[in-house]
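J.: Chains as they are written, first to last, in my numbering: chain A, 46 to 169; chain B, 46 to 169; chain C, 227 to 630; chain D, 227 to 630.
If you're looking for bench data, these hints aren't it; they were derived computationally from the structure.
Just so it is clear, the structure is predicted and the values come from calculations on it, not from any experiment.
Some hints here could point you the wrong way.
Straight-line distance between alpha carbons at most 25 Å, and here's what the computed PhoX-like set of lysine-lysine pairs gives [what the hints assert, rightly or not]:
no., chain 1, residue 1, chain 2, residue 2
1, C, K361, C, K314
2, A, K50, A, K91
3, C, K228, B, K50
4, C, K228, D, K386
5, D, K509, C, K255
6, D, K366, D, K445
7, C, K338, D, K338
8, C, K338, D, K314
9, D, K360, D, K314
10, C, K314, D, K338
11, C, K338, D, K271
12, D, K386, D, K480
13, C, K366, C, K386
14, C, K338, C, K228
15, C, K271, A, K50
16, D, K338, C, K366
17, B, K50, D, K271
18, D, K228, D, K315
19, A, K98, A, K167
20, D, K445, C, K541
21, B, K50, C, K541
22, D, K314, A, K50
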Amino acid sequence: MYTEKVMDHFTNPRNVGEIADANGIGEVGNAKCGDIMRIYLKVDDKDIIQDVKFKTFGCGAAIATSSMVTEMVKGKSLTEALEISNQAVAEALGGLPPVKMHCSNLAADALHEAIKDYMEKKGK
Amino acid sequence: MYTEKVMDHFTNPRNVGEIADANGIGEVGNAKCGDIMRIYLKVDDKDIIQDVKFKTFGCGAAIATSSMVTEMVKGKSLTEALEISNQAVAEALGGLPPVKMHCSNLAADALHEAIKDYMEKKGK
Amino acid sequence: MKRIYFDHSATTPVDREAAALALEYMTDKFGNASSIHSFGRESRKAVDAAREQVAALLGATPNEIFFTSGGTEGDNLAIKGVAFANRKKGNHIITSAIEHHAILHTCEYLEKQGYEVTYLPVDEYGMVRIEDLKKAITDKTILISIMFANNEVGTLQPVKEIGRIAREKGIYFHTDAVQAAGNYPIDVNELNIDLLTLSGHKFHAPKGIGALYIRRGVKVDEIQHGGGHERNMRAGTENVPGIAGLGKAAEIAKRDMEKKTARLRSMRDRIIREITEKIPHIKLNGHPTERMPGNVNFSFLYVEGESLLLNLDLKGIAASSGSACTSGSLDPSHVLLAMGMTHEVAHGSLRVTLGRDNTDEDVDYFLEVLPEIISRLRAMSPLFGAGGTARAGNPCSECQAHSH
Amino acid sequence: MKRIYFDHSATTPVDREAAALALEYMTDKFGNASSIHSFGRESRKAVDAAREQVAALLGATPNEIFFTSGGTEGDNLAIKGVAFANRKKGNHIITSAIEHHAILHTCEYLEKQGYEVTYLPVDEYGMVRIEDLKKAITDKTILISIMFANNEVGTLQPVKEIGRIAREKGIYFHTDAVQAAGNYPIDVNELNIDLLTLSGHKFHAPKGIGALYIRRGVKVDEIQHGGGHERNMRAGTENVPGIAGLGKAAEIAKRDMEKKTARLRSMRDRIIREITEKIPHIKLNGHPTERMPGNVNFSFLYVEGESLLLNLDLKGIAASSGSACTSGSLDPSHVLLAMGMTHEVAHGSLRVTLGRDNTDEDVDYFLEVLPEIISRLRAMSPLFGAGGTARAGNPCSECQAHSH
Ligand SMILES: Cc1ncc(COP(=O)(O)O)c(C=O)c1O
Ligand SMILES: Cc1ncc(COP(=O)(O)O)c(C=O)c1O
Chain A
46 MYTEKVMDHF TNPRNVGEIA DANGIGEVGN AKCGDIMRIY LKVDDKDIIQ
96 DVKFKTFGCG AAIATSSMVT EMVKGKSLTE ALEISNQAVA EALGGLPPVK
146 MHCSNLAADA LHEAIKDYME KKGK
Chain B
46 MYTEKVMDHF TNPRNVGEIA DANGIGEVGN AKCGDIMRIY LKVDDKDIIQ
96 DVKFKTFGCG AAIATSSMVT EMVKGKSLTE ALEISNQAVA EALGGLPPVK
146 MHCSNLAADA LHEAIKDYME KKGK
Chain C
227 MKRIYFDHSA TTPVDREAAA LALEYMTDKF GNASSIHSFG RESRKAVDAA
277 REQVAALLGA TPNEIFFTSG GTEGDNLAIK GVAFANRKKG NHIITSAIEH
327 HAILHTCEYL EKQGYEVTYL PVDEYGMVRI EDLKKAITDK TILISIMFAN
377 NEVGTLQPVK EIGRIAREKG IYFHTDAVQA AGNYPIDVNE LNIDLLTLSG
427 HKFHAPKGIG ALYIRRGVKV DEIQHGGGHE RNMRAGTENV PGIAGLGKAA
477 EIAKRDMEKK TARLRSMRDR IIREITEKIP HIKLNGHPTE RMPGNVNFSF
527 LYVEGESLLL NLDLKGIAAS SGSACTSGSL DPSHVLLAMG MTHEVAHGSL
577 RVTLGRDNTD EDVDYFLEVL PEIISRLRAM SPLFGAGGTA RAGNPCSECQ
627 AHSH
Chain D
227 MKRIYFDHSA TTPVDREAAA LALEYMTDKF GNASSIHSFG RESRKAVDAA
277 REQVAALLGA TPNEIFFTSG GTEGDNLAIK GVAFANRKKG NHIITSAIEH
327 HAILHTCEYL EKQGYEVTYL PVDEYGMVRI EDLKKAITDK TILISIMFAN
377 NEVGTLQPVK EIGRIAREKG IYFHTDAVQA AGNYPIDVNE LNIDLLTLSG
427 HKFHAPKGIG ALYIRRGVKV DEIQHGGGHE RNMRAGTENV PGIAGLGKAA
477 EIAKRDMEKK TARLRSMRDR IIREITEKIP HIKLNGHPTE RMPGNVNFSF
527 LYVEGESLLL NLDLKGIAAS SGSACTSGSL DPSHVLLAMG MTHEVAHGSL
577 RVTLGRDNTD EDVDYFLEVL PEIISRLRAM SPLFGAGGTA RAGNPCSECQ
627 AHSH
């Protein structure tokens, strides 16, 4: 049911973990639904994402999309990062089973929450 | 579904045919139901069945019971013949499938009709 | 003794390839198609592949195919499913008097639920008249269900014309194609069919598996409730071995359709011709030309069907009859009666249905033994020759009271 | 890679002997059991023999056994069949909240038809309380349907006691024994069972075949209409290969019952013991002792079930979970929720169901890889350790709107 790319990211997820001195953290989902994604950002003065890590509770799609989104944004500017949609993440993975598209495909949302958190903290 | 004895009588029916100078003929059933049996009797002065033949249109059970009943009554007195029931014919064949018991098991009835015909003709 | 199987409308042997596939999905690849692990995924793959194969046989798309446990379930689902889902639109169903019991008894059930059913009569060849159909349609009609080919006499119905009329009137058209599917070319789009029932065991797939074609957009209620399988149309763990076997049989049927129908047609025509030449007092049942390629059906007057079948069976030949005696019921075939036949003639019917493994030698042998059996039975029959029906004394009327 | 199958509650491989028999009745002995010729008679014989074998498994008589297309159909027939046939007596049905969807969705359907259904709650171990049952009975109650063993947590219900109460009150008692039949000893007379559903594919018979036991005298309406097969209880050409396979599997199940249950129980207890020792933050789901011999079900806190399954699958181990993600629905198992579990804990459940081909080496390997997978997933989980749930921003509530 999952593409090879999804299985690759699920099996060897990139950027798992926390960033101790993260300056943006975002979380979406809840345990009731079975998916929680938390994204940690380390953004520099030029609004470039220097580091990004995630922690996810959820199904294969949830883990793979989390991993994928971290790969997609590392080194990107916040403006670029804000343009990444859940859809784009799914596409980068070669697609997701239809049933997973809505429920577990929230990694971009988590990213955007983390950016919002960063902006709020910076008082922007 | 049929016993070996039924199949034997069906395959090699005894006493098939007509008796040109029969003095008793009985018929039961009708073509609508799918079973017609006609029994021809040659009864002597001492009311002994000297000869018996049958013609039957019907299923395996109808043919086998016709054949069996003719075997059972040949040489018997009419009194003895009148005691033979459809049930007895079926038993002599080692039984019939339940579905056949009522519809195709009419040979004794045909025999009794033939005896009645003989008696009527003789004015008894 | 060599056995010859001439009863392909009753059921068919499973194709070796299809059986091997079924076996594989029973033993090595046995996963539940709903499971997400590797065992489950390989079963799901087989189900998906079979859905495509069955769709291809009918010119449909895979998501219009729903697997069932066989023809009877397919017919029940089509009729009840459409009736229940479209109750607000109307409560009138049109079918024919010669449908299979899976249709007729389902319709009778619906009549008890407040539906109205018109049972169209047929002509002497077993064909529905388009005029009758047109007259039967009301503004309450929600479904027309007419079989593709009759199982007893093989008559092909004017399906395309029926489909056209149904489409015009905005009424769903279902066809019970249990006899035709896999044995006769069908294209659901060309024929304007909205729902179509097929059953695997009639074309060399296993027993216990079938499919219902439901045109995209047609509203059908599920009738078996449970785990939401078959996109909520038919609950129950998928019968993967059966489905895989059905797919393979569909593929083979499509591939060999032209060759097979041509061969059966020529054997059929030879049998009809030679019986007509060799045996007097007979009647060909069904349509002379618009009939299934493998179907031969004759009535042999003065002879009863079951004893004819048993005699053939003793010679190693398996066939069937519309006689009451062979069905365990009191009345002979409702199909033959609807065609205007008398009980007497109906009781003497013999159906021979040919299949792909039958040979010309089988036909030779059959044509050799049949006349002799008919003669023997007629010689034994009180209806034949001189006699006619003699005196009465008819306890048979009692019979009518028994129900089996 | 060696594959280990630990999902026997989902389905089982067909026993080699049963599969060989099914194959034989697909290819060589393929007759329709209703045909009167030799092909038909050999099929009828197989059906009769299988009916005896299935009856023997349950301590029933052959004429109380009706073949169906599987567990779902059996459940539908039992519930609807009793409801429709006994409508005049009453309209109230009692069942439980942890039944299979084949029961629950059928009951919901009946509610729409004017029936009233009581869904009994269960205790934390997934067991129905006799007191609740007694209180639920009214003078309109016509049927009590409580499953024999739960498919997810394996809990055995107090079937004998329920049967006793039902008998006392003159109410029919049906049990969905799809998990238990063939895998646990059952005697319908000792347990006062009036109707019992079983499904072949749960005990090494083919998919697509099952049976409903109906005690002699119990009134049940047919729900699939057609040719009057199965003594008018279930129309449709008999699935002879499936039936023959079911009979053989029933025979083997009866023969090996004691040995098999003892072996599975000991493997099960070892797994429960070692997981409890090796892995922290876990919860055993289901009853500690009154559970199916082959059922292990744990919740691993902070871990989601699908990703756990996929990780096991990557190691060659096939198991299942009550997580929503594995069923294509939004909610996790209704069984786990009915037992009072939170969604969080339910999402992290893992079900291992053992079968006769599993070995101690399989268990060794599983116990070796599981702790490592759990650790890895927990390390990745935002719920585990320090964090806890941080700030919100929860688009998940939207999800509830989607239906799959
Ligand atoms: C025309 C027709 N419809 C329906 C059926 C029922 O199909 P099944 O035997 O697969 O239940 C049959 C055959 O028995 C049939 O010939
Ligand atoms: C308890 C229970 N009831 C009913 C069913 C449905 O049976 P089937 O899959 O044979 O339709 C299942 C299994 O899927 C089950 O576990």
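J.: Would you pick out the hints that fail for this structure and give their numbers low to high?
T.: Hints 2, 4, 5, 11, 14, 18, 20, 22 not satisfied by this model.
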